[in-house]
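Spelled out from the first residue to the last, the chains are:
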Amino acid sequence: MGFYSVLEKWNNFDFENYFSHVTDKDVIESIEKDNLDEFDFLNLLAPIAKNHLEKMAIKANLVKQQYFGNVISLYIPIYVSNFCTNNCAYCGFSKKNHIIRKHQTIEQIEEEAKEIAKTGIDHILLLTGEAKEIDTMDYLKEAVKVLKKYFDSVSIEVMPLEEEEYRELKEIGLDGLTVYQETYNEEIYDQVHISGKKKDYHFRLNTPERGAKAGLRTVGMGPLFGLSEIKKEAFLAGLHLKYLTDKYLNTAFSISLPRINPAEGGFQPSFPLDDVTFVQFLTAFRLFQVKADINISTREVAEFRDHLMHIGVTKLSAGSKTDVGGYTKKDESTCQFEISDTRSAEETIQAIENYGYQPIYKDWQQIL
Amino acid sequence: MDKLILKGHEFENRLLTGTGKFADKNLIAPMLKASKSNIITMALRRVNFSNPKENILNYIPKEVTLLPNTSGARNAEEAIKIARIAREAGCGDFIKIEIINDMKYLMPDNEETVKATKVLAEEGFIVLPYIVPDLITAKKLEEAGAAAIMPLGSPIGSNKGLLTKPLIEMINDNKKLPVIVDAGIGAPSQAAEAMEMGIDAVLVNTAISTAEDPVKMGEAFAMAVKAGRMAYLAKLAKTSKFANASSPLTDFLFRGDK
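These protein sequence lines map, in sequence, to chains A and B. The numbering of the first sequence is my numbering, which starts it at 1 and goes up by one. The numbering of the second sequence is my numbering, which starts it at 369 and goes up by one.
If you're looking for bench data, these hints aren't it; they were derived computationally from the structure. Take every hint as true, because none was put in to throw you off.
No farther apart than 25 Å at their CA atoms in a straight line, the calculated lysine-lysine pairs in the BS3-like style are these:
#1 B:Lys449 to A:Lys213
#2 B:Lys472 to A:Lys33
#3 A:Lys170 to B:Lys449
#4 A:Lys321 to A:Lys114
#5 A:Lys102 to A:Lys321
#6 A:Lys145 to B:Lys449
#7 A:Lys291 to B:Lys393
#8 B:Lys606 to B:Lys543
#9 B:Lys594 to B:Lys544
#10 B:Lys472 to A:Lys242
#11 A:Lys33 to B:Lys528
#12 B:Lys528 to B:Lys472
#13 A:Lys213 to A:Lys197
#14 B:Lys472 to A:Lys9
#15 B:Lys528 to A:Lys242
#16 A:Lys25 to A:Lys55
#17 A:Lys59 to A:Lys25
#18 B:Lys449 to A:Lys149
#19 A:Lys132 to A:Lys96
#20 B:Lys449 to A:Lys141
In silico contact screen, one side only, chain A against chain B (beta carbon under 7 Å); selected entries:
#21 Gln66
#22 Gly69
#23 Val71
#24 Gly120
#25 Thr245
#26 Leu249
#27 Asn250
#28 Gly356
#29 Lys362
Since the model is a prediction, treat every value here as computed from it, not as a measurement. Note that the Cβ used here is the ideal one computed from N, Cα and C, for glycine as well.
Could you build all of it, start to finish, from the sequences and the hints given here?
Take a look at the structure:
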């Protein structure tokens, strides 16, 4: 049953009632602990914890320095296809949207790879929409193979696959998987995923675990903030992270906190996540799971991303383009969402150095 | 100071340092100068041979001995491959075996470490294996041909010092090879404590590289390591539960006037 059995245990928990009873003393005690349990994490997510935001940020920075040092790891996403068979209310790639769709050939991927490699960043994240008839396993394998020629570390963010399929991709050099649950609320999940394979809540929920079972080195996860009540989403995502971290010692897990950005289709989030709460959640994640990577994408604006470096973030994407063929610009397609941090990879790296951090271009040696 | 000898290679200094976690790689050379550390470890996974601008090797002075480590390896096979890549890339024969497949606590895998040590020692590497302190593993590593034993003082990044002291003492009391405490040392006083115990050297990375002034902290560690070694060689005065009165309390019983 996997993580779902953990979720079920919290089904009848009265979150709002708990949050309303958290005191300042509870929050301070939880901040000061070395090993936080689920209730400490809840205390840090409670609205009252905002009174102690600075203290949370200082501790988050200390913990980050202690376990990761003065470093920020870099990666670059490459969108190779934006075809999708799902109809999701919030996504620009949604099947119902009349957008310019592209599916790159392996040769085109190689051309893009050459362009991206010029940045010196050695970690790449391959992305597609969810259209298994077009982005077949053979296609993904060929794409991973060609990317391995230029990058030591290749991860994917594509449609959820079976464990065996992850294993096949690992054999040709895939390191990692990123998959977002979007929302842990099963009812809302069903509403916003109108049609398509993605409608299967359980298949999605168990994806990070399938990746870990297949032996992938890194698994990235997180909720998409905006679809459901945010404190509960953050808590359940943290619980999911803890469940996986405790169970699969061999895999390094990372968490992202994506917020809904303007996209084709004009979806408006029902539960917006403001900057202050974003920082509260980010520091809460850092204190709850000290060794997990925390990753911030270019969905966030440059200035905000820069500040987050000082409060627990360990991983940034740089110079991202979310349109297919965005790096060589030989073609035109529609982006998945609008990027907020539009700086080039070089500009992002420069900012990291200016703030006193060492940008990590490469963190894995290809040996397999 | 007396010399540290690793498989016939002599080193003046007993402080080993690391390249990881520096905010500015340009601080590595002055840190090495201030600390006089002449062995520095670096994760091969972070060396970008194809990008001359970002190659960490450019920041390490030529006279310093490189100790590439196999960080990122999850089993013996991967560690062996990384070691061979390091040697082929011209990083020398020293290799620190670091095999971790526990991402939660980052504990090294002693069993896989013994396997990798055996293979690499046979290939002529000078192998420095990083382990959870365990006497039996240390003995197996001696047999496997290691050049030193590197037990952890406390978990990586914890800066908690010598939490494993009784276990390290067992290894140190029964050693045939130099013992180097690696991981967990967060302050010069903790390094001095290890050296006073008779540990042969310490490897310190995080505590130096993430200090506000890594150059000054490198120097502070050098002084602590030297002080600790000198104290060990000078043989520390014995400690006692009882105060030794300068005029013995029972002396009156044995005086001639009794």
